[in-house]
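Residues per chain are reported as follows:
Number of protein chains: 2
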Amino acid sequence: MINREQITADYQLIQDEICAALELADGKAHFEEEKWEREGGGGGRTRVIQNGNIFEKGGVNFSAVHGKLPDSMIKAFKVEQDDFFATGISIVIHPNHPLVPIIHMNIRYFEMPSSFGEGQKPVRWFGGGIDLTPHYVIDEDARYFHAYLKSVCDNYNHDFYHRFKLWADDYFFIKHRNETRGIGGIFYDRLMENEENSWDSIFEFSKSLGRSFIPIYTELVKRNRDKTFTELEQQWQYQRRSRYTEFNLVYDAGTKFGLETNGRIESILMSLPPTAKWLYNYQPEAGSEEEKTLSLLKKGINWV
Amino acid sequence: MINREQITADYQLIQDEICAALELADGKAHFEEEKWEREGGGGGRTRVIQNGNIFEKGGVNFSAVHGKLPDSMIKAFKVEQDDFFATGISIVIHPNHPLVPIIHMNIRYFEMPSSFGEGQKPVRWFGGGIDLTPHYVIDEDARYFHAYLKSVCDNYNHDFYHRFKLWADDYFFIKHRNETRGIGGIFYDRLMENEENSWDSIFEFSKSLGRSFIPIYTELVKRNRDKTFTELEQQWQYQRRSRYTEFNLVYDAGTKFGLETNGRIESILMSLPPTAKWLYNYQPEAGSEEEKTLSLLKKGINWV
Numbered sequence: 024m025i026n027r028e029q030i031t032a033d034y035q036l037i038q039d040e041i042c043a044a045l046e047l048a049d050g051k052a053h054f055e056e057e058k059w060e061r062e063g064g065g066g067g068r069t070r071v072i073q074n075g076n077i078f079e080k081g082g083v084n085f086s087a088v089h090g091k092l093p094d095s096m097i098k099a100f101k102v103e104q105d106d107f108f109a110t111g112i113s114i115v116i117h118p119n120h121p122l123v124p125i126i127h128m129n130i131r132y133f134e135m136p137s138s139f140g141e142g143q144k145p146v147r148w149f150g151g152g153i154d155l156t157p158h159y160v161i162d163e164d165a166r167y168f169h170a171y172l173k174s175v176c177d178n179y180n181h182d183f184y185h186r187f188k189l190w191a192d193d194y195f196f197i198k199h200r201n202e203t204r205g206i207g208g209i210f211y212d213r214l215m216e217n218e219e220n221s222w223d224s225i226f227e228f229s230k231s232l233g234r235s236f237i238p239i240y241t242e243l244v245k246r247n248r249d250k251t252f253t254e255l256e257q258q259w260q261y262q263r264r265s266r267y268t269e270f271n272l273v274y275d276a277g278t279k280f281g282l283e284t285n286g287r288i289e290s291i292l293m294s295l296p297p298t299a300k301w302l303y304n305y306q307p308e309a310g311s312e313e314e315k316t317l318s319l320l321k322k323g324i325n326w327v
Numbered sequence: 024m025i026n027r028e029q030i031t032a033d034y035q036l037i038q039d040e041i042c043a044a045l046e047l048a049d050g051k052a053h054f055e056e057e058k059w060e061r062e063g064g065g066g067g068r069t070r071v072i073q074n075g076n077i078f079e080k081g082g083v084n085f086s087a088v089h090g091k092l093p094d095s096m097i098k099a100f101k102v103e104q105d106d107f108f109a110t111g112i113s114i115v116i117h118p119n120h121p122l123v124p125i126i127h128m129n130i131r132y133f134e135m136p137s138s139f140g141e142g143q144k145p146v147r148w149f150g151g152g153i154d155l156t157p158h159y160v161i162d163e164d165a166r167y168f169h170a171y172l173k174s175v176c177d178n179y180n181h182d183f184y185h186r187f188k189l190w191a192d193d194y195f196f197i198k199h200r201n202e203t204r205g206i207g208g209i210f211y212d213r214l215m216e217n218e219e220n221s222w223d224s225i226f227e228f229s230k231s232l233g234r235s236f237i238p239i240y241t242e243l244v245k246r247n248r249d250k251t252f253t254e255l256e257q258q259w260q261y262q263r264r265s266r267y268t269e270f271n272l273v274y275d276a277g278t279k280f281g282l283e284t285n286g287r288i289e290s291i292l293m294s295l296p297p298t299a300k301w302l303y304n305y306q307p308e309a310g311s312e313e314e315k316t317l318s319l320l321k322k323g324i325n326w327v
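Same order as they appear, the protein sequences are chains G and U. Numbered continuously in our numbering, the first sequence closes out at residue 327. Numbered continuously in our numbering, the second sequence closes out at residue 327.
To be clear, the hints were calculated from the coordinates, so they are not data collected in a lab.
A pair counts as met if it fits within one copy or between any two copies, since identical chains are not told apart.
Calculated lysine-lysine pairs in the DSSO-like style (CA-CA distance at most 27 Å, straight line):
1. Lys198 with Lys91
2. Lys198 with Lys58
3. Lys58 with Lys300
Next up, chain G with everything else stripped away, as it sits in the complex (with noise of 0.2 Å):
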């Protein structure tokens, strides 16, 4: 039976993977890293790249925490006051390139450890997602990184892709724009043992939805890194950065999380743009690469 120590130490290895082959990547930049504590219990590795060839902010981070339920959580989870215990590694890269794609990745685990004595229903679960905002969608790239998920997905339940792709199309959702974030990917939230899926499993899929973060960017990169780009294109990013700031800062269930329990601030908005731009009413021309890719920000579409 799988521990919160196996998974807290299988998480960090991920992490020290992800920073590796991201510097390796990158070329330039290396990750400088923050080591935090929280005061009601556990901690954290931050650790940031900036200004690097490919990546102009980006920040891995894990965190394992435990202690008293905040308040938040409580109520989120509609649960007694207790002890609980939670491990992550969480990812947002914004690259300098507007042809290259801004990505997330998050997997996470949370258990309720009072639950855990025999003849109990332990409380504990595993979340997670990875979503692409493409400041340009370019359908092949958008195919790929679906059809990657869905394989990643298909390892381990068939159920997997359909049900987590559709979770994504409506976590990821700027309501007030009326619009996805991006392309979308996976999310799910509270994945627990049950007859088609056993906890070794579940856990499995944790990590190899973690380990497909390098594979399904380092490609990415690769494709886009080397095309010109145009002055428009750079300002076009600057401006969908925006609407990424927007969900983050209104919508985000982490960023909300953090900023209602007093997390490490600098930890929690490493999410946000190093640039960001907000021009009044901006509609881009009839026909352009600008407006296909607005037209395709949309819940629904099948990319695989």
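Starting from the known structure of chain G, arrange chain U on it as the hints suggest.
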């Protein structure tokens, strides 16, 4: 007895006065106007100025809306389902120059017309405020700003400045950063007739505050517009704008209300800066002007 038609007309006039004076101060850019209608009733005039000599992006919005109370208002105001009417002016200006401050002004009026029958206590109130967000806090400008607001307040009630200054300190506060948005100003809500203040006097106060915007801001522009500035100061300005963005998207009541009630999104988010930057874990140098500014972004400073 003042009525909504009169308030609406006077607020529209104040919007016109402010836009004319800002165009004059800028000397280059002109306001673009969008007239919009609200599905449930009423509408507004959004006016935005961009890429001026002085003003990089600013909005001076008027609206007068009515209809059935949205659910979020019923909850916020703790009232029953009913008709409402609300009108107001809302301004945010982001200047080009890092030594010219960001400014925000709002005056507004709300009523529930069904409460206006004989023998009933009418449900109606005024609200508003002005607050200043200097990228660099300049002591004499801060004192000038607060002294001006105090003199506006003192013409109507000698308690107003003290009460509304404290209210602004609490309202314009970025909790997750433990810093105020800027140097505050005044903020008030649900101001109603009582032994001390008649409806006429409260309405005059509202208009007087609206009309103080131009003398206050043009003076602050004049004092600073011709100063030289460095690239570092410009970068710091972009970083301060990102804090402004955090406040508006995470805390500002008007913005949240607009997003939740499907308001005209470009009018609501005109307050967001043209360019903002988020640098990871940025710490100003010891003894720098940037550090001095941070040290003054706290509640409870007496500027008069």
